[in-house]
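Trainee: For reference, the chains in residue letters:
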Amino acid sequence: MAAVPESRGRGRFGGKPPGRGLSEQRLGWYLCAPAVVLMLAVTVYPMLQALWLSLQSYRITDPDARRFVGLDNYVLILSDSLWWQNVGVTVLITVITVAVELVLGLALALVMHRVIFGRGVVRTAILIPYGIITVVSAYAWMYAFSIDSGFVNSWLGLTNYDFFSQFGSSIFVICLSEIWKTTPFMSLLLLAGLAQVPEELQEAARVDGATAWQRLWKVTLPNMKAAIMVALLFRTLDAYRIFDNVFVMTGGAHGTETVSLLAYRQMISRTAVGLGSAVSVLLFLTVVLIALLFIKGFGTDLSRARGER
Amino acid sequence: MRLRANLGLIIAACLIVMYALFPVVWMLMLSLKVDAQSPGFFPANWTLQNYLSVFRSGLFLSALRNSVGISLIATVLSVVLATFAAYAIARLDFSGKKLVLSMALAIAMFPTISLVPPLFEMWRTLGIYDTWLGLIIPYMSFTLPLSIWTLSAFFREIPWELEQAAQVDGATPWQAFRKVIVPLAAPGVFTAGILTFFFAWNDFVFGISLTASEAARPVPAALAFFTGESFFTQPAAQIAAASLIVTIPVIILVLLFQRNIVAGLTSGAVKG
Chain A
1 MAAVPESRGR GRFGGKPPGR GLSEQRLGWY LCAPAVVLML AVTVYPMLQA LWLSLQSYRI
61 TDPDARRFVG LDNYVLILSD SLWWQNVGVT VLITVITVAV ELVLGLALAL VMHRVIFGRG
121 VVRTAILIPY GIITVVSAYA WMYAFSIDSG FVNSWLGLTN YDFFSQFGSS IFVICLSEIW
181 KTTPFMSLLL LAGLAQVPEE LQEAARVDGA TAWQRLWKVT LPNMKAAIMV ALLFRTLDAY
241 RIFDNVFVMT GGAHGTETVS LLAYRQMISR TAVGLGSAVS VLLFLTVVLI ALLFIKGFGT
301 DLSRARGER
Chain B
1 MRLRANLGLI IAACLIVMYA LFPVVWMLML SLKVDAQSPG FFPANWTLQN YLSVFRSGLF
61 LSALRNSVGI SLIATVLSVV LATFAAYAIA RLDFSGKKLV LSMALAIAMF PTISLVPPLF
121 EMWRTLGIYD TWLGLIIPYM SFTLPLSIWT LSAFFREIPW ELEQAAQVDG ATPWQAFRKV
181 IVPLAAPGVF TAGILTFFFA WNDFVFGISL TASEAARPVP AALAFFTGES FFTQPAAQIA
241 AASLIVTIPV IILVLLFQRN IVAGLTSGAV KG
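Here the protein sequences line up with chains A and B, keeping their order.
Taking our numbering, the leading residue of the first sequence gets 1, the next gets one more, and so forth.
Taking our numbering, the leading residue of the second sequence gets 1, the next gets one more, and so forth.
Warning: the hint list may mix true and false statements.
Incomplete in silico selection of chain A near chain B, CB under 10 Å [said to hold, decoys possible]:
1. Tyr30
2. Val87
3. Ile132
4. Ile171
5. Met267
Hints in this document: simulated from the structure, not taken from any laboratory.
No residue lacks a Cβ here, since even glycine has one placed at the ideal position from N, Cα and C.
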């Protein structure tokens, strides 16, 4: 039997045996290493690669013309009105969906929090949109609004109105699908926050004669601010990368192209690796900016989101 | 007063159930239409033909095989790695704890589409473009954060003293682990697994950009490129049938594990 490198007996200094901290330290890192390496290998390394590629003019179809062009790709993108239009559309979709989801998600959370009869049924039902494939949700709503196979036109008494023939109505259907699919996630995050509002506070407010509306605004919401901010941060970042719904419903037609779709199109359809990478880097920087705004600007407390207590 | 409030709650609960199920019922109706070109919610003429043609199309079956295989492998591997990390975070005293948790959070916020250009390039160089492995790797790294949070939240709640207590009562270390700790940890591991599976099953961005053929193309990507049996038929009803088929696993998992999923989503993200 090999000698144990550190003594397991009572330490000279009392309390923890000497060396235990060190071996525990090492074991901790060994256990985390595979997960950490994998997470870094698929995010940080490719991101650096993207940064490098974004400084080159490079198309897969024409590898000989590959050359270093510095910041030219960025200048090209930022001076193109298409980029700014796509950013505008993405921001519009993000603001609409996150705002509606917050209100609707809060309503759902309040009902789920208080309903006793049929609680399991409601929670099971709400998980179906959460679990369903986004592409499936996109098809469901697209066909519902389409002229040949849909029912919305006849229900609303609009004959042959083509929802996907123009910007406004296309965005409406895209947002509808996105909201339907992701509100359950928002409402479950809010439900967790709701469960932390002390019941005694509610009771005290009730005794003091506060109406249900006043209790919501003065007691419930202020006490779940942390949960609301975390839910908003997660959903905003998620909404800003919207891709699936737009891809399926319009493919970016009628000015509905979002930033993610632009990155995809440059890369896969046009095989412009340099330009596509530059769009990706810009998208990444925007997401970092949004996260910083939430954390520093609005004081979103992420220690709870990290699972620390 | 009390009765009225209760009635209101029950009506609200019914509305939520309708909200959740309505598009699914609509897809079912669409998939049963003989003529997808006919407007209206209910089919004028009912048929199961669309399901038959979907199952007869080799494209859908290969996509289904890819999706099931890739999602299951990614789920198992991701949960195993996350279990190691979460055990270290919940049980051991080591300095990297905060760093690992912060890194996981940062990666959960990462815009996946940003990685498409570099991964496309890297995977082609490494020769894993359009393979199962090429999708399993990104699925694992993007589900690890959620699994690590969920599991470390679960592991922190486990009364680990019970393991020693069992050994004092005469159990061997292995028995103590298997009979005491495994049953306590299993629900957490299951939860992490389901959430991981949902992510992999749902993914579209990697599915369309890192595959090029039936060799690895998963269902969501195949649906988006599905054109029907012939160029002239509108594939709406068949897409609806295929969509419904791939929604069935989601519904089964939700029905079986509703409690675990809710606990996982809420403990992982907002824990008081």
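Trainee: Against this structure, judge whether each hint is valid.
Mentor: Evaluated hints:
1. Tyr30: holds (8 Å)
2. Val87: Check failed: Cβ of A:Val87 comes no nearer than 13 Å to chain B, outside 10 Å.
3. Ile132: holds (6 Å)
4. Ile171: It is violated, given that the least Cβ distance between A:Ile171 and chain B is near 19 Å, above 10 Å.
5. Met267: At 5 Å from the nearest chain B Cβ, A:Met267 passes the 10 Å test, so the hint holds.
When held up to the earlier numbered hints, the structure conflicts with 2, 4 and fits the remainder.
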